Amino acid sequence: MPGEDQTLKRELAKIAIDLYLNHLSDFEENKIAEKLKISEDQFYLFFKNKKQVLHYFYSDCIVQYRQMVRDIEGFEEATLEEKISNFIYMMFDIFQPNRKFMEKTFDSMILLRIKASPFQREVEKVFKDIADSDYSVSAIVKPVVTNPLAFEIFARQFFLIIKFWLGDNSENYQNTMALVDKLVSFFAEAVQTRIPEKALDLFKYVVIDNVHKIKIPFLDRFLK
Amino acid sequence: MAKKIEKFPSSKTERSKIFAKTGLKVGSNYARYYLNRSLKRNNLEEQKQKLHSDNANDIYKELTRLRGTALKIAQSMSMDTGVLPDEFIDVMSNAQYRVPPMNRALVRAIIKRELNKYPEQIFKSFDLQSTAAASLGQVHVASLKNGQKAAVKIQYPNVRETISSDLAIAKVIFKRIVKGKNLDAYFKEIGAKLIEETDYYNEGKQIDYFSELYQSEQIITPIYIPESSTGKVLTMSFIEGVHLDQFLKQNPSKEERDHYGQIIWDFFNVQISHESRTVYADIHPGNFLFRKDTKLGIVDFGCVKTFPKDFLEKCILLFGAQISNDTEKILKLYYETEILFKEQEGSKRQEDIYNFFQGFGKVVLEPFHRKIFDFGDPKFRESLNFYFSESSKLNEVRGSQHFIFLNKVLFGLFSFLMKLKAEIDTRKSREILDQAIKKIESSAAA
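Quick note, the sequences are listed as chains A and B, same order.
Okay, so the first sequence: first residue is 1 according to the working numbering, each after it adds one.
Okay, so the second sequence: first residue is 1 according to the working numbering, each after it adds one.
No lab work stands behind these hints: they were computed from the structure.
Since this is a predicted model, take the numbers as computed values, not measurements.
Keep in mind that the hints are not guaranteed to be accurate.
Now the stretches of chain B that chain A is said to cover, found in silico as 3 or more residues with beta-carbon under 8 Å [to be verified]: (1) 100-109; (2) 113-121; (3) 372-386.
Cβ atoms here follow ideal geometry from the backbone N, Cα and C, with glycine treated the same way.
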């Protein structure tokens, strides 16, 4: 059963994190299995090795986020800004119980990795889903912000915010909350701007349609 | 759909930049005004009004972006001290209700951080769309698990942390417009009150205090719900009712208007002479609810002022001296409450200030001269407006810093009663005032 598998995998990840943080010498596949009272063979049915269990923690956070979002009434109606900030704030809530583990592993397992981690791929998918479900983004900006490279950049920016959160000592992480509020607000404003559309419209009217027969030497030459 | 949230600039540099920009704008408005004046262009009075209006709009526009304490400081300095031009007061009083709300994701996140659970896990229902967004926080309607309707007040992130820097920079701007020996003390007083207002545990206590003392057949106040509250989230029972403007739209009878007017008048007179010296200082139409059961609902207990004994006693004595027109006593009390300064004795400025406060005091205490006082009387409104506009021409803060909140109460109360056009029986309040004066005088004599 997929649900049971997920529960078991979460249990294994929980044990692995505990061993990794508190009994590093016991952080071995057989010990993890033993703690959950399953055989080592059974362990390998779920994970290739102990490192993969730790990576599972990160990827599973996205699974949890998706499950939680389903429970938010009227989420589809949320604005682009609300969807992005909701994702970030919820991820912090999901991360919070394992903050110590993240402090130890986030840099090496996620942030500084040259090859994208499974977690990064999942984060990129979330941004893609948010972009796909939004119609407020300017038509000209849309191709720019909905290509795979953009999602990769967004994911990397998100990791930098996580890094900021991990070092944030303010009460209830107020500094991170204010930063996210500003960043997301700025981003939403930038991608929803109608300036490029209006600029194109003006350009078309003045230069291409050229109803008023205005001669712009440089552009004339350029268009020829 | 949620309204678009404005970004909240919480870093000192960013907030300073906005303040600096505001200062520059105010400066350039003045430059334009003085240029016109030096060129001797016509309609100087009109140009001066335009200058005030431009300044007020520029300050308001920038401060609304800052939300939080900066806007609150601007409101306090314009509305509560009465020293800024009328145009400022108009713009700032509107600002109370026009602050952009937080986005819904941030509301959920704050509740989760403060109460450890998402709103839908704590409440039976929770409206993520705020019903009112003010300078320091916003209010949401919810229902508790037991079905009870509740109001949940949520503070904007980092508001408390910006108080001292906002105050420091705001001082620079306001010193361009207003002068006064006590200006620093005024800012200090506003700062102290802001610290209190951003502590929702404190507001919870104040809700309990007022509920205990004033909940009656005529007044209803919310019940504090501490289990769903923290220092930044405040949950209380929801008070049904309509606001003043809606109430007036229903064309209430004279009896109804007088009824509510009398409640609010008595409420304040009892507080002023109460031994605790603690007064509800946030009188604006948004905080009072007119109910079908004829009770007056009072909400928002963030701004409550406990006056120092010495100050309040002097004010009460001043009221008495002003009513009996005892000029010698009045003069003595003006010095004691720092309205007049010994070192300025005999100066023209001192004489102007004395005449202003004498006239103003007479108007403010006019209700006590009659058994029944009609706040709908246009002559009273005219006299009061005349002194409000004269006070702004003084361009100076006078009197102890505690006057800020006494002014706030008086301006708020009078403007509320005038809007209501209520006829008030002042006999009981006069009795209370006379008793309080006697008590102070006899204890001084003893």
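*Outcome, coverage hint (the stretch 100-109 of chain B, chain A; C-beta under 8 Å; three residues)*: holds (count 7)
*Quick one: see if chain A covers the stretch 113-121 of chain B, three-plus residues with Cβ-Cβ under 8 Å.*
Three-residue rule met by the stretch 113-121 of chain B, so holds; n is 3.
*Per the coverage rule (Cβ-Cβ under 8 Å, at least three residues), is the stretch 372-386 of chain B covered by chain A?*
As far as the stretch 372-386 of chain B goes, the hint is violated, because 0 residues have Cβ atoms under 8 Å from chain A.
When held up to the earlier numbered hints, the structure conflicts with hint 3 and nothing else.
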